[in-house]
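Asker: The primary structure of each chain is shown beneath.
Protein chains: 2
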Amino acid sequence: MSKLMIIGAGGVGNVVAHKCAQLPEVFSEIVLASRTESKCKAIAAQLQQTIRTAQIDADIVPQLTELLKEEQPDLVINVALPYQDLTIMDAALIAGVHYLDTANYEPLDTAKFEYRWQWEYQQRFFDAGLTALLGSGFDPGATNIFTAYLAKHYFDEIHELDIIDVNGGDHGHPFATNFNPEINIREVSAACRHWENGEFVTTPAMSKRARYTCPDDVGTFNIYRMYHEELESLSKHFPSLRRAQFWMSFSDQYLKYLEVLKNVGMTGIEPLEFQGQSVVPVQFLAHLLPDPSTLGSRTEGKTCIGCIVRGTKDGNEKLMCLYSICDHQACYREVKSQAISYTTGVAAMIGAKMILEGKWRKPGVWNVEQCDPDSFMEDMNRYGLPWKIVELDPAFHLEIIPS
Amino acid sequence: MSKLMIIGAGGVGNVVAHKCAQLPEVFSEIVLASRTESKCKAIAAQLQQTIRTAQIDADIVPQLTELLKEEQPDLVINVALPYQDLTIMDAALIAGVHYLDTANYEPLDTAKFEYRWQWEYQQRFFDAGLTALLGSGFDPGATNIFTAYLAKHYFDEIHELDIIDVNGGDHGHPFATNFNPEINIREVSAACRHWENGEFVTTPAMSKRARYTCPDDVGTFNIYRMYHEELESLSKHFPSLRRAQFWMSFSDQYLKYLEVLKNVGMTGIEPLEFQGQSVVPVQFLAHLLPDPSTLGSRTEGKTCIGCIVRGTKDGNEKLMCLYSICDHQACYREVKSQAISYTTGVAAMIGAKMILEGKWRKPGVWNVEQCDPDSFMEDMNRYGLPWKIVELDPAFHLEIIPS
Numbered sequence: 001m002s003k004l005m006i007i008g009a010g011g012v013g014n015v016v017a018h019k020c021a022q023l024p025e026v027f028s029e030i031v032l033a034s035r036t037e038s039k040c041k042a043i044a045a046q047l048q049q050t051i052r053t054a055q056i057d058a059d060i061v062p063q064l065t066e067l068l069k070e071e072q073p074d075l076v077i078n079v080a081l082p083y084q085d086l087t088i089m090d091a092a093l094i095a096g097v098h099y100l101d102t103a104n105y106e107p108l109d110t111a112k113f114e115y116r117w118q119w120e121y122q123q124r125f126f127d128a129g130l131t132a133l134l135g136s137g138f139d140p141g142a143t144n145i146f147t148a149y150l151a152k153h154y155f156d157e158i159h160e161l162d163i164i165d166v167n168g169g170d171h172g173h174p175f176a177t178n179f180n181p182e183i184n185i186r187e188v189s190a191a192c193r194h195w196e197n198g199e200f201v202t203t204p205a206m207s208k209r210a211r212y213t214c215p216d217d218v219g220t221f222n223i224y225r226m227y228h229e230e231l232e233s234l235s236k237h238f239p240s241l242r243r244a245q246f247w248m249s250f251s252d253q254y255l256k257y258l259e260v261l262k263n264v265g266m267t268g269i270e271p272l273e274f275q276g277q278s279v280v281p282v283q284f285l286a287h288l289l290p291d292p293s294t295l296g297s298r299t300e301g302k303t304c305i306g307c308i309v310r311g312t313k314d315g316n317e318k319l320m321c322l323y324s325i326c327d328h329q330a331c332y333r334e335v336k337s338q339a340i341s342y343t344t345g346v347a348a349m350i351g352a353k354m355i356l357e358g359k360w361r362k363p364g365v366w367n368v369e370q371c372d373p374d375s376f377m378e379d380m381n382r383y384g385l386p387w388k389i390v391e392l393d394p395a396f397h398l399e400i401i402p403s
Numbered sequence: 001m002s003k004l005m006i007i008g009a010g011g012v013g014n015v016v017a018h019k020c021a022q023l024p025e026v027f028s029e030i031v032l033a034s035r036t037e038s039k040c041k042a043i044a045a046q047l048q049q050t051i052r053t054a055q056i057d058a059d060i061v062p063q064l065t066e067l068l069k070e071e072q073p074d075l076v077i078n079v080a081l082p083y084q085d086l087t088i089m090d091a092a093l094i095a096g097v098h099y100l101d102t103a104n105y106e107p108l109d110t111a112k113f114e115y116r117w118q119w120e121y122q123q124r125f126f127d128a129g130l131t132a133l134l135g136s137g138f139d140p141g142a143t144n145i146f147t148a149y150l151a152k153h154y155f156d157e158i159h160e161l162d163i164i165d166v167n168g169g170d171h172g173h174p175f176a177t178n179f180n181p182e183i184n185i186r187e188v189s190a191a192c193r194h195w196e197n198g199e200f201v202t203t204p205a206m207s208k209r210a211r212y213t214c215p216d217d218v219g220t221f222n223i224y225r226m227y228h229e230e231l232e233s234l235s236k237h238f239p240s241l242r243r244a245q246f247w248m249s250f251s252d253q254y255l256k257y258l259e260v261l262k263n264v265g266m267t268g269i270e271p272l273e274f275q276g277q278s279v280v281p282v283q284f285l286a287h288l289l290p291d292p293s294t295l296g297s298r299t300e301g302k303t304c305i306g307c308i309v310r311g312t313k314d315g316n317e318k319l320m321c322l323y324s325i326c327d328h329q330a331c332y333r334e335v336k337s338q339a340i341s342y343t344t345g346v347a348a349m350i351g352a353k354m355i356l357e358g359k360w361r362k363p364g365v366w367n368v369e370q371c372d373p374d375s376f377m378e379d380m381n382r383y384g385l386p387w388k389i390v391e392l393d394p395a396f397h398l399e400i401i402p403s
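Residue numbers (our numbering), protein chains in the order written: chain A, 1 to 403; chain B, 1 to 403.
Don't read these hints as lab results, they were simulated from the structure. None of the values given here were measured: they were computed from a predicted structure. A virtual CB, placed ideally from N, CA and C, is assigned to each residue, including glycine. You can trust all of the hints, since none of them are fake.
Straight-line Cα separation of at most 20 Å, SDA-like style, residue types lysine to any residue; simulated pairs:
1) K262/A - Q253/B
2) K236/A - E199/A
3) K256/B - G265/A
4) K39/B - Q275/A
5) K262/A - H287/B
6) K152/B - K313/B
7) K262/A - K256/B
8) K256/A - L289/B
9) K256/B - N263/A
10) K256/B - Q253/A
11) K262/A - L289/B
12) K256/B - Y254/A
13) K262/B - P174/A
14) K262/A - H171/B
15) K256/A - E259/B
16) K256/B - P204/B
Taking CB as the label site, the calculated pair distances span:
17) E70/B - E270/A: 38 to 48 Å
18) R52/A - Q277/B: 28 to 38 Å
19) E391/A - I269/B: 58 to 68 Å
20) G172/A - L272/B: 18 to 28 Å
21) D57/A - P174/B: 31 to 41 Å
22) D90/A - L272/B: 33 to 43 Å
23) L255/A - E120/B: 46 to 56 Å
24) I269/B - G172/A: 20 to 30 Å
Selected chain B positions facing chain A (in silico; Cβ < 7 Å):
25) N263
26) V264
27) G265
Work out the full structure, taking the sequences as your base and the hints as a guide.
Answerer: So this is what it looks like as structure tokens:
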């Protein structure tokens, strides 16, 4: 019997609220808070169970602290913007509340996310006897746990990791981004970094691609190597890794749009002086694009996200794949969200459950792969994110497309 | 010995000022006026001859009238925005000044240009004993005069007209528009209209294209049928025309950018509410794109603009082509502008010369094809727009690319 506060009422916040409200034996009381309380009320109105809502500006620590002290939840789930991780962590520390998020901190004015800022809270959360669980979404999140699960049960030592994130969904718009477009575009425009022989190697954005056929008839896609935040924590926590790469699928159409919008300056994050006003180009672009929250009802197809791990077991080379497939329309029927928000939100709910049930409650700041993966993996099968493990021929390699 | 006022200090205004200043025997005194007087001063500083500058808001008739009355020029050349044609015509009437422009009036809030608004000034200019010469740029302008010249000297009757505007220039930017980007984009996004059997036929924008090889090694290009304002006046003034079409070249890259920018809503002309401000998307796009005035120094290649006319002479079918080729870098060396502004500005200067020398001075509102073309054509050869006439095999037809 625990009280939960969720901050953020976007696509992921919607899923977290739906899934947590389905488990009153764990989350007996829920408060959903956002800058725009009407969005919280709209979500609350869809639920069978009663939850409360609140208005909060997650940029302002004193406001956050006051709300957390007043409500005294056991745990706060942060599914607001990544810019707001630190303010919510500060407030959780002051108010004495456990903390969970799904994406690491990124300063508002530089497209550079890293765990450093949040890892620096380690001593303070430890001293306060509070748990801060970082990156408990799908990727990062489930992908870290997949890696930990394979390392624990199938290998003596893991050497190579390829995380593959395929979205085979089609929303029918010429161009739209699946979640906050500003973050989406910043992610894709950033230079690629991958882990190789003890250091991060930087290559131009989207410069390495492969052709990948997903299991279970999801389809064949072009996937592009890019930086993704779990590479930072996984390369640290699995020091035996000689190489770790992250790949994401993008359609030719999506990339064409992105190239044009970037080249004309529409993805810029610096404010420009325009007709005596200050306008941030990417924010104006986001304003023009379809609201990601409207994509759910029209998106068809599946996501397939998983990890391919190469390593050794009993002296032999071994290659394993652990993946989860999610159907956009099935997600929409259940929680009125497409699979991108669904996979993230369900994993956040399970992470919260792990903390509140005491399984992952330990003072300090932790990435999910530092916790025992087994209970989380069991809950994935139970709450909508079923997964499969297959052993691959060690001769298998991703089919790189020459550039 | 005449006094001239030029309103507008963009790319075309720059060329008009340069070319008129080279002819003090015709334009003995020149005033260059613009909303931003510093742009006028920057142009004036480039000239060997002394011209004066002034500040004017061309949207405001009383301000225009006051300036024209104070300066008492013989003629005002309007190379401001097409939105400002009527205010400048109003002021010219009040102040008793002849008028010339290069592009017809278009209301600010609808992408619909037509001569109706300006033709309605016919009686007023006639009564005032003043000449208003409309569309004396290159296209419209030289293209109308080419048609009139061919009709006068080579045909008994003309039946088909294809105006072809090829810009083979390359400025090296991924995307930029050659003049005011807002007008450029409005033009290309508009539905196509062409004249056929006594009426305008509307087809979707950019839906008909042809492959065209320019004369004199300018190159081979994809040209697209589109509406262009000279079709309205030419179909009226040459009633024997059974078909009149306008074609413009666009690169695949340009069209890709335009498709994307249009589909995401960046070419919209309606103001949007954004963060409590009012933003017109296409104006913000124009703000992001390279300033057209900076393209000149980096543009290489040639333009080739001309008319192919089919008709009869002495009972036989006949096909004639009259065209002019202009080199971007040669234009830049002469007047610090690329060929798009150059061809328009030189034609405006020659039209002004025709009025001031009395050759085209007749009370009323006139399109250039209503005046005798011979003197204008002679001056084109003299002042930087040399042209050629070739007879084509009547079996020649534009090579349409199936869609």
